[in-house]
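Colleague: What follows is each chain in one-letter form.
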Amino acid sequence: MSAKIKSLVRELHKSSFNKVGVIEETLVEGVLFGLREVKPPRHMEILKAYLSEIRKSLRHQLVEVELGCLPNESMESTLKDKINSMASSSAIELQVSQNDNLIAGYRIRLVDDVFEDSIQSRLSKLSQSFTA
Amino acid sequence: MSSITELIRKEIESLSTDATRTNVGTITTLADGVARVDGLSKVMYNEMIQFPNNVLGIALNLEEDSVGCVLLGDVSSLKEGDEARTTGKLLSVPVGKELLGRVVDAVGRPMDGKGAINAETTFPVERIAPGIIPRKSVDQPLQTGIMAVDSMVPIGRGQRELIIGDRSTGKTTIAIDTIINQAKINKQGEASGDSNFRPVFCIYVAVGQKNANVARTIKTLEASGAMEYVTIVSAPAADNPANQYLAPYSGCAMGEWYMENGMDALIVYDDLSKHAVAYRQISLILKRPSGREAYPGDVFYLHSRLLERSARLNENSGNGSLTALPIIETQMGDVSGYIPTNVISITDGQIFLETDLFNKGIRPAVSVGLSVSRVGSAAQIKAYKKVAGKVKLELAQFRELAAFSQFESDLDATTKASLDRGARIVELFKQTASNPITVEVQTAIMWAMQNNFFDSIAVADVNRATQSLREYMETQGKEACQLIYSSGKLEEDTEQKLRSSVEDWKRTFS
Numbered sequence: 001m002s003a004k005i006k007s008l009v010r011e012l013h014k015s016s017f018n019k020v021g022v023i024e025e026t027l028v029e030g031v032l033f034g035l036r037e038v039k040p041p042r043h044m045e046i047l048k049a050y051l052s053e054i055r056k057s058l059r060h061q062l063v064e065v066e067l068g069c070l071p072n073e074s075m076e077s078t079l080k081d082k083i084n085s086m087a088s089s090s091a092i093e094l095q096v097s098q099n100d101n102l103i104a105g106y107r108i109r110l111v112d113d114v115f116e117d118s119i120q121s122r123l124s125k126l127s128q129s130f131t132a
Numbered sequence: 001m002s003s004i005t006e007l008i009r010k011e012i013e014s015l016s017t018d019a020t021r022t023n024v025g026t027i028t029t030l031a032d033g034v035a036r037v038d039g040l041s042k043v044m045y046n047e048m049i050q051f052p053n054n055v056l057g058i059a060l061n062l063e064e065d066s067v068g069c070v071l072l073g074d075v076s077s078l079k080e081g082d083e084a085r086t087t088g089k090l091l092s093v094p095v096g097k098e099l100l101g102r103v104v105d106a107v108g109r110p111m112d113g114k115g116a117i118n119a120e121t122t123f124p125v126e127r128i129a130p131g132i133i134p135r136k137s138v139d140q141p142l143q144t145g146i147m148a149v150d151s152m153v154p155i156g157r158g159q160r161e162l163i164i165g166d167r168s169t170g171k172t173t174i175a176i177d178t179i180i181n182q183a184k185i186n187k188q189g190e191a192s193g194d195s196n197f198r199p200v201f202c203i204y205v206a207v208g209q210k211n212a213n214v215a216r217t218i219k220t221l222e223a224s225g226a227m228e229y230v231t232i233v234s235a236p237a238a239d240n241p242a243n244q245y246l247a248p249y250s251g252c253a254m255g256e257w258y259m260e261n262g263m264d265a266l267i268v269y270d271d272l273s274k275h276a277v278a279y280r281q282i283s284l285i286l287k288r289p290s291g292r293e294a295y296p297g298d299v300f301y302l303h304s305r306l307l308e309r310s311a312r313l314n315e316n317s318g319n320g321s322l323t324a325l326p327i328i329e330t331q332m333g334d335v336s337g338y339i340p341t342n343v344i345s346i347t348d349g350q351i352f353l354e355t356d357l358f359n360k361g362i363r364p365a366v367s368v369g370l371s372v373s374r375v376g377s378a379a380q381i382k383a384y385k386k387v388a389g390k391v392k393l394e395l396a397q398f399r400e401l402a403a404f405s406q407f408e409s410d411l412d413a414t415t416k417a418s419l420d421r422g423a424r425i426v427e428l429f430k431q432t433a434s435n436p437i438t439v440e441v442q443t444a445i446m447w448a449m450q451n452n453f454f455d456s457i458a459v460a461d462v463n464r465a466t467q468s469l470r471e472y473m474e475t476q477g478k479e480a481c482q483l484i485y486s487s488g489k490l491e492e493d494t495e496q497k498l499r500s501s502v503e504d505w506k507r508t509f510s
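Listed in order, the protein sequences are those of chains A and B.
All residue numbers for the first sequence refer to our numbering, where the first residue is 1 and numbers rise by one.
All residue numbers for the second sequence refer to our numbering, where the first residue is 1 and numbers rise by one.
Bound-form chain A, shown alone (with noise of 0.2 Å):
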């Protein structure tokens, strides 16, 4: 990718932010709109790396959590209210999910980062221990 269209994209990625830094729809429609009238060259590249870059963005405000079993309303509550608790929590999405393959315990994803303790987690690092 060249350092023009690096730079442009880096631009609309800004654009997409409203005022509080969360990425707003409207802005990242008003971005493809305005790539639509103009018509820039290499239209396909520039519209791939500013998807590649709002989902990178996205990730950032995102935080996973996987559950071994179903969770309740209050258990998803108290998950949000301890989130929503922190300061500037406008900014983080929290998405509470089941997953079967944890067995129990739970996983949580932060961007890059995963925190776990699940037993599928304990039995993955005892069959480790076996075969190193």
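Quick caveat, the hints were computed from the structure, so don't treat them as lab data.
Each hint should be verified, as a subset may be incorrect.
Claimed, not checked - Using 30 Å as the maximum straight-line C-alpha spacing, the simulated BS3-like pairs for lysine-lysine come out as follows:
(1) B/Lys430 / B/Lys219
(2) B/Lys390 / A/Lys125
(3) A/Lys19 / A/Lys56
(4) A/Lys6 / B/Lys42
(5) B/Lys219 / A/Lys48
(6) A/Lys80 / B/Lys497
(7) B/Lys497 / B/Lys390
As the list claims (entries may be wrong) - Take a look, some chain B residues computed to stay more than 12 Å from chain A by CB distance:
(8) Gly96
(9) Phe407
(10) Lys478
What the hints assert, rightly or not - Distance windows between CB atoms, simulated:
(11) B/Asn211 / A/Phe33: 55 to 63 Å
(12) A/Val20 / B/Ser76: 42 to 50 Å
(13) B/Asn211 / A/Ser124: 20 to 28 Å
Beta carbons: idealized from backbone N, C-alpha and C, even for Gly.
Got chain A; can you put chain B on it based on the hints?
Modeller: Only chain B this time, still in chain A's reference frame:
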């Protein structure tokens, strides 16, 4: 935004649980044994990356928005979107004497079907070479058992001597013969019960070779009984380029274990031309900028950091050594190619093998003019130094005179004598493969040549005479040989015994 995630991270870390924290990423592209991974924000350079189905990778390109990993296993089970995890470990291989007699792959896994390798220690594949302080100059000989090499381009323990030549000129043969000779010396030394004897353990790294060739090498080593002192690291042509790139470093780590534990080791890299090609392939797929002949800019560093790890350590650092015999294949005898000149400048000398000599039946086809050892006679025992001192000059003069004498019909007596002597030396140096000669017998043969015992023998019979003298010295002339072996010198009484033995042989030779 990042402050919020940091806040949550701290909250999780403060909880006292058995939770594990791993840094993950997602495969975005997968091609030719290289995966580009999005994420892995905390990855280290050269760190091992765990992919699904027990596939391992190494992080080689840490870019602004992605990580380029070379994959070491079966990549067919991986797909775009799969998760990759950091392991916090650098790639390591098993090291130690448990690897002797074994054939392993680039990451030290057994390939010979002889069961698991129960090595207690592992060494990282990439290590920093010993610095200036722990090093010592090379002064102990490493006998190859090949007369042309031991007399003209002597190799010392801890030296890096390049074996260079076109295809099918006997490069691997020289390396394998050297290994066989080490095994022979090791057995002889161990049988003598000498407590000061230092065996040389060998590592043979096969990079990008045909499996049939590797199998033939193993067979040769087994047939000569050398395999018990050898470890073979194989990354054949069918292996992925990542393994071919790693194999020399893995072999070097195995050799370093001997060096750091006060022992001597010899490592053969067969060959570094193919290693450079594998690295070029990886670099191009990783989209690194390419330079001359499409090799990446750090192709010199690729070999310099590998060969600098071979050294002779001083007494305070254990007195161990790692001798390297890298092999480079030239195209049409061109030593001025990119990779050959790089490796020539890194090593402490080279043995250049000529196609013309090989085709003329002069084997090993060592070129006198282009072969050199920067360690020189420091790596020869005194007795051998005394008898082989002038031979390189004599042979070089012969080659030069032989070229001119083709146009001259009338030659003066001195020129005729030089040509005569040279032709005899050429015949004397002809040696069959897997047939190394001990240093004491080599000394006796060279002494006989220097003292004109071969002058009355027709040039065509010199090679036969050499074989005959060798057999005689190994049987009836044992006493003189034993004196040379034990003292390492050619003193007056030794020379007397040698003279009487050679005279006895001369009477019996017809």
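Colleague: For each hint, tell me whether it holds in the structure or not.
Modeller: Evaluation of the provided hints:
1. Straight-line distance between C-alpha atoms of lysine 430 of chain B and lysine 219 of chain B comes to about 24 Å, which keeps the hinted pair within the 30 Å bound.
2. Our distance criterion of 30 Å between C-alpha atoms is broken by lysine 390 of chain B and lysine 125 of chain A, whose separation comes to about 66 Å.
3. With a C-alpha separation of about 19 Å, the suggested pair lysine 19 of chain A and lysine 56 of chain A falls inside the 30 Å cut-off, and the hint holds.
4. Restraint check for lysine 6 of chain A and lysine 42 of chain B: satisfied, since their Cα atoms lie roughly 23 Å apart, inside the 30 Å limit.
5. Distance restraint check for lysine 219 of chain B and lysine 48 of chain A: the Cα-Cα separation of roughly 55 Å exceeds the 30 Å cut-off, and the hinted pair is therefore not satisfied.
6. With a C-alpha separation of about 97 Å, the suggested pairing of lysine 80 of chain A with lysine 497 of chain B is violated against the 30 Å cut-off.
7. With a C-alpha separation of about 23 Å, the suggested pair lysine 497 of chain B and lysine 390 of chain B falls inside the 30 Å cut-off, and the hint holds.
8. For glycine 96 of chain B, the shortest C-beta to C-beta distance to chain A comes to about 17 Å, beyond the 12 Å cut-off, and the non-interface label holds.
9. With a least CB separation of 64 Å from chain A, phenylalanine 407 of chain B remains clear of the 12 Å interface cut-off, as annotated.
10. Remark: the non-interface label on lysine 478 of chain B is consistent with the geometry, its nearest Cβ contact in chain A lying 53 Å away (cut-off 12 Å).
11. Separated by about 60 Å at the C-beta atoms, asparagine 211 of chain B and phenylalanine 33 of chain A satisfy the suggested range of 55 to 63 Å.
12. Between valine 20 of chain A and serine 76 of chain B the C-beta distance comes to about 46 Å, which sits within the given range of 42 to 50 Å.
13. At about 35 Å, the CB distance of asparagine 211 of chain B to serine 124 of chain A disagrees with the hint of 20 to 28 Å.
Hints 2, 5, 6, 13 from the earlier list are contradicted by this structure; the remaining hints agree with it.
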